[in-house]
Amino acid sequence: MGQVLIIDDDSGVRDTFWLTLEACGHNVTTAAGGAEGLAAASKNTPDLIFLDLKMPGMNGVEILQKLQDICPQVPVYVVTGFYEEFLGPLRDLQAKGVPFEVARKPLGFNEIRAISEAVLAPRGKPISVTAGA
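Numbering-wise, the sequence shown is residues 5 to 137 according to our numbering.
Hints listed in this document are in silico derivations from the structure and should not be mistaken for laboratory results. Beta carbons are placed, not taken as given, at the ideal position from N, Cα and C, and that holds for glycine. Any given hint might turn out to be false.
Unchecked claim - DSSO-like cross-link-like pairs, simulated, lysine-lysine; straight-line CA separation at most 30 Å:
#1 Lys47 to Lys58
#2 Lys100 to Lys70
#3 Lys58 to Lys70
#4 Lys70 to Lys47
#5 Lys109 to Lys58
#6 Lys58 to Lys100
#7 Lys100 to Lys47
#8 Lys109 to Lys47
#9 Lys109 to Lys70
As the list claims (entries may be wrong) - Across the chosen pairs, the derived CB separations fall in these ranges:
#10 Asp73 to Glu105: 16 to 22 Å
#11 Asn48 to Ala118: 20 to 26 Å
#12 Gly29 to Lys100: 32 to 38 Å
#13 Ala99 to Met5: 31 to 37 Å
#14 Asn114 to Asn31: 19 to 25 Å
#15 Gly92 to Asp14: 20 to 26 Å
#16 Asp19 to Val106: 33 to 39 Å
#17 Thr49 to Ala107: 28 to 34 Å
#18 Ala107 to Gln69: 16 to 22 Å
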């Protein structure tokens with residue numbers, strides 16, 4: 005269905021997203037940090053990116069800015085438990101017109117599936133989200 009990139013330093017989070025999205029039929033690439041994620045986005049432009057904010061080295065705000073140069077049309081979902089800590093820099097990016105959505109951790113199968121289906125569903129095809137799936 006779609007090419008999805010997960011950028012998160014937590015291997016458990018990457019595995020959860022990978023398993024969920026693969027089960028939904030998506031091709032998934034994971035990256036443990038900013039440099040790896042930017043390289044992956046440059047090599048194969050994804051259709052959707054899930055991005056953590058709080059990571060060692062380059063944080064998610066810095067990565068989000070750089071992604072705008074690489075793939076500005078790709079939807080980015082910032083997935084974090086530290087939204088308040090990055091509120092100022094995120095608002096600055098919004099003011100500059102950098103598009104993104106925020107989803108708070110932890111995300112379960114249903115939330116990951118709903119986001120991916122909403123973003124990646126073929127145009128004109130109805131989206132089906134089954135409760136309890």
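Hints and how they fare:
1. Lys47 to Lys58: holds (24 Å)
2. Lys100 to Lys70: Holds. Lys100 to Lys70 sits at ~13 Å (cutoff 30 Å).
3. Lys58 to Lys70: Between Lys58 and Lys70 the Cα gap is close to 16 Å, so the pair holds against 30 Å.
4. Lys70 to Lys47: holds (14 Å)
5. Lys109 to Lys58: Cα-Cα ~12 Å, so holds.
6. Lys58 to Lys100: holds (21 Å)
7. Lys100 to Lys47: holds (26 Å)
8. Lys109 to Lys47: Within the cut-off at roughly 28 Å; holds.
9. Lys109 to Lys70: holds (23 Å)
10. Asp73 to Glu105: 16 to 22 Å: For Glu105 against Asp73, whose Cβ atoms are near 20 Å apart, the range 16 to 22 Å holds.
11. Asn48 to Ala118: 20 to 26 Å: This hint holds: roughly 24 Å between Cβ atoms.
12. Gly29 to Lys100: 32 to 38 Å: holds (34 Å)
13. Ala99 to Met5: 31 to 37 Å: About 33 Å separates the Cβ atoms of Ala99 and Met5, which means 31 to 37 Å holds.
14. Asn114 to Asn31: 19 to 25 Å: holds (21 Å)
15. Gly92 to Asp14: 20 to 26 Å: holds (24 Å)
16. Asp19 to Val106: 33 to 39 Å: violated (22 Å)
17. Thr49 to Ala107: 28 to 34 Å: violated (21 Å)
18. Ala107 to Gln69: 16 to 22 Å: This hint holds: roughly 19 Å between Cβ atoms.
Violated hints, listed in ascending order, are 16, 17; each of the other numbered hints is respected by the structure.
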